[in-house]
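S.K.: Same order as they appear, the protein sequences are chains D and Z. My numbering applies: residue 1 is where the first sequence begins, and numbers increase by one. My numbering applies: residue 1 is where the second sequence begins, and numbers increase by one.
Note: identical chains are not told apart, hence a pair may lie in one copy or across any two.
Only pairs whose alpha carbons sit at most 25 Å apart, straight line, appear in this in silico SDA-like list of lysine to any residue:
(1) Lys86 / Leu156
(2) Lys86 / Thr31
(3) Lys121 / Ala40
(4) Lys86 / Val47
(5) Lys121 / Leu63
Since the hints were made in silico from the structure, they are not lab data. From a predicted model like this one, the values you see are computed outputs, not experimental measurements.
2 protein chains.
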Amino acid sequence: MTESPGVVDLLGVLAYAELSAYARMTEDAATLAPSLADRAALSELAVTEYAHFRLLRDRLAELGADPAEAMSPFVGALDAWHAQTKPADWLQALVKTYVGDGIALDFYREAARHLDPSIAKLVDEVLVDEGRSQFAVERVRAGIEASPAAAGRLALWARRLVGEALSQGQQVASARPDLALLLVSGEGATDISRLFATLTEAHNKRMATLGL
Amino acid sequence: MTESPGVVDLLGVLAYAELSAYARMTEDAATLAPSLADRAALSELAVTEYAHFRLLRDRLAELGADPAEAMSPFVGALDAWHAQTKPADWLQALVKTYVGDGIALDFYREAARHLDPSIAKLVDEVLVDEGRSQFAVERVRAGIEASPAAAGRLALWARRLVGEALSQGQQVASARPDLALLLVSGEGATDISRLFATLTEAHNKRMATLGL
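The shape of chain D in the complex, shown without the other chains (with noise of 0.2 Å):
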């Protein structure tokens, strides 16, 4: 099997991404939720995190990997991206919910272009977004509703999830050359402007389904 070189790290960063959205979600929901429906609501998607880490690990596995050597590289960067951006508030738990994870998982998607085509689908797999937008988009534009004032103060902590992930982006790029080339292998600079492009339109996108 010839394999990207970077195709490791691709899955590794992916599983702890996985592995630590479950356990702050789940930590998230016990703490935010103003009910016990809205803690199995987003607990449920926690799970399904879990689930996903579950399949990389195997995956991993499957290609001779140590799954936790895989993880290790990364998990400095991701628990320093939770530790900054632990909303303070239910709101805040639902936007990070669909905004962060929604800007990681572009990343990730843009990283499995130029992967083997069955770690391309595995990657699509996990990726695709169960249920996820309609849960968290619904209590969002309700709460900004309920309080108007809500949407400049959630608007800024957006912004402060995307600088958040690209500063601990960029120094998971800088670490990790063999993941970083996966994102513009093939045409360089022209690439990375597209990229750029590219994050920036389905930001914007998920900001204005917010109603942010």
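Place chain Z on chain D using the hints.
M.R.: The following block gives chain Z in isolation, referenced to the frame of chain D:
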């Protein structure tokens, strides 16, 4: 369908026990596990608890009960139990998973004995021990072998878990007489003696299995 009056209470307390155990085990895994592999192993158990929560919530809905309403009388006691038994390290977390959940499960199983067989079957299904013992028992025994002084400390910890469980259990029983009646229906005082004998025996067996 003729249901015992305590059945919604029983499914409600069990549902919230699973939902809160899932959140606490997820947190313990993320903060206390000594390796990513151990973190994944405890997370796997946590996600299983969530799957049980889902079954119980759906069954409550089928019975025409509002799941959140059925759970809410038990949130205080179960949250208090978790707050008073927050593990300080990885071995305490594993002992809590094995011993603490074990006691709770014995209680629920006893209560289910007197129920409609289809409910009793569901309760048995969600209480089945899917390898929980194997994982926790192996790690705790290895921990004691590596550091024999840990045994005394963990035995004290297990005693505290039982004490807190009994204290919260008594409060729940006096606040929810229909639920308490499930435990003694038919035979009154004789049944209570038998219940305590059963619980004590099961607990001692678990302690011996752990080497405590």
